[in-house]
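Peer 1: This is what each chain is made of:
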Amino acid sequence: MSLKLKALLKSPWVFHLSTGSCNNCDIETLDCLTPRFDIERFGMLLVGSIKHADVLLVTGSCNRMSVERMKALWEQVPKPCLVVAIGTCAGSRGIFKDSYNCPVPLDQIIPVDVYIPGCPPKPEAIIAGAVKLIEKVGSTL
Amino acid sequence: MMGRTIIPIGPYHPLQEEPEFFTLTVEGETVVDIDVRIGYNHRGIEKLSELKTFENSTFVIERICGICSTSHPFAYTRAVEDVFPMEVPIRAKYIRTIIAEGERIHSHLLWLGLAGHFIGYNTVYMWAWKLREEILDVLEILSGNRNNYAMFKPGGVRRDIKAGDIPVCLKKIDSILPTLDMLKKAVLDDPVLHARLKGVGVMTYQEAIDFSALGPTSRASGVARDVRKDSPYGAYQEMEWDMIVTQNGDVFDKAVVRILEMFESAKIMKYCLNNLPDGEIDANIMDVPPGEGIGHIEAPRGETFHYVKSDGTNRPVRHKVRAPTFMNLPTYKATVQGETISDATIILAAIDPCYCCTERIAVKDPRGRLLYNGKDLVQLSREKTEKMKRRMGVR
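Residue numbers (our numbering), protein chains in the order written: chain W, 1 to 141; chain S, 1 to 395.
Because the hints were derived from the structure by calculation, they are not lab data. Take the hints with a grain of salt, since some may be wrong.
Not the full set, but computed from the structure, chain S residues with beta-carbon under 7 Å of chain W [as the list claims (entries may be wrong)]:
no., residue
1, Asn41
2, Val60
3, Lys229
4, Tyr233
Heads up, simulated BS3-like pairs for lysine-lysine below, C-alpha to C-alpha not over 30 Å straight-line [stated by the list, open to error]:
no., chain 1, residue 1, chain 2, residue 2
5, S, Lys229, W, Lys122
6, W, Lys132, W, Lys51
7, W, Lys122, S, Lys384
Each residue gets a CB set at the ideal place from its N, CA and C atoms; glycine is no exception.
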């Protein structure tokens, strides 16, 4: 497992999963890939299929309809896979905690490695979160 | 008769950043039917809004959608003000207009980038999003955040614009105009884009009327309707600006409308920043009387409509939201049917759909397995562009 993790940290490919977010975190995640921030130069690539993913970027407040699909995706993803909760919604449901359609926070459904708070977190914060993820996992190897 | 195949797309696919589920029924290459299933973004915002006070509701309303985070509070505050009815201080109106137009520019640039991405013009994607950063900087200077601005409150705005910030913002807006102009020429004069997008996904004038299409989607079909002109609010009646209307109704025209609208928005923003009147920014409303109110404004995607009912307490009894995509989604029936699969991607994207805005209807229980065909669709779309380029001898 640790060899796999070590290889994964060199160039983490990310899959982006929106579980009922307001679009902001998703756009800021995409923003990280565009010229001003451009995290692709560090080997982080947004992939279109969960089967290629090393890191799962989860945004949104996990509503009832998408939770089922998220669980299905979590079963499909090749392990080891790291999970990053982007935004306050994914971290703690934020302003939607009283909603009838957002029953539990993300970390009660799948294990989360790094939380990036903010509504929405700035691209700088997302990049800092990615660095922390790599440091955290790297230190355990 | 040729056999029919159903292509499921979604809900998680790289076509759009939001989850939604399309089923395309195809006969060979031709799309004969389309069905859209949404609900993956439903968060029960109308109910949440009724649990909060009038003033606190704006924060929930803002999070209906990240891209329309001005349009929804704008319409909501207008609905609350309509309950009285009351007038907002003129300076607040100008500030609201500035933020709303900034949002329109960044939303259209975002769309332009994604549209370029879908047809294999990643340069357009990167250029558009790079330009978008500048306008986000302006909004960050004015409001303190890149996306959720928290500028609106019933009766006025929350933050004033400092006199020292105005020249910086004007300079930033001026600095993006030449690049925007270049981008406009690059997109509108490109022979490949003409061949690729003209005559694709046509919505006629009559269809736009029948489907009650809104915003740039309908203006591209020759329907000259814009809430900013027809029922002026904010500071829109104070200055000269043009409503962009084109006649063909295809994807190319929808792009043209959006690109040209950005220049108008920049003009409005500059006028408002230059002529910002002095005075109060907040009417300091106290109690909302019992009654009903309606607020509608022109969001980047079309008319956003809010209805608020008050019973004299500090919370709305009923709050109803109608987002523009709700009206624009059914136009797929008119535009996608009869087109090829490789064109479906760009046609689906052409109305600039926004599902987080739309999803306040009841959640349905869907069936069906997850298949990741969205990626293949984008690939198909790009291959068609490449093929056209080869045929035309463009590299």
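Peer 1: Hint by hint, say whether it matches the structure.
Peer 2: Going through the hints against the structure:
1. Interface hint at S:Asn41: satisfied, since its Cβ lies 5 Å from the closest Cβ of chain W, which is below the 7 Å cut-off.
2. Hint on S:Val60 holds. Least Cβ distance to chain W is approximately 6 Å, under the 7 Å limit.
3. Residue-level restraint check for S:Lys229 is violated (minimum Cβ-Cβ distance to chain W is 28 Å; threshold 7 Å).
4. The beta carbon of S:Tyr233 is not positioned within 7 Å of any beta carbon in chain W (closest approach about 24 Å), and the interface hint is therefore violated.
5. With a CA separation close to 35 Å, the supplied pair S:Lys229 and W:Lys122 exceeds the 30 Å bound.
6. Restraint check for W:Lys132 and W:Lys51: satisfied, since their Cα atoms lie roughly 24 Å apart, inside the 30 Å limit.
7. Taken as a hint, the W:Lys122 and S:Lys384 pair is broken in the structure, with Cα atoms around 36 Å apart against an allowance of 30 Å.
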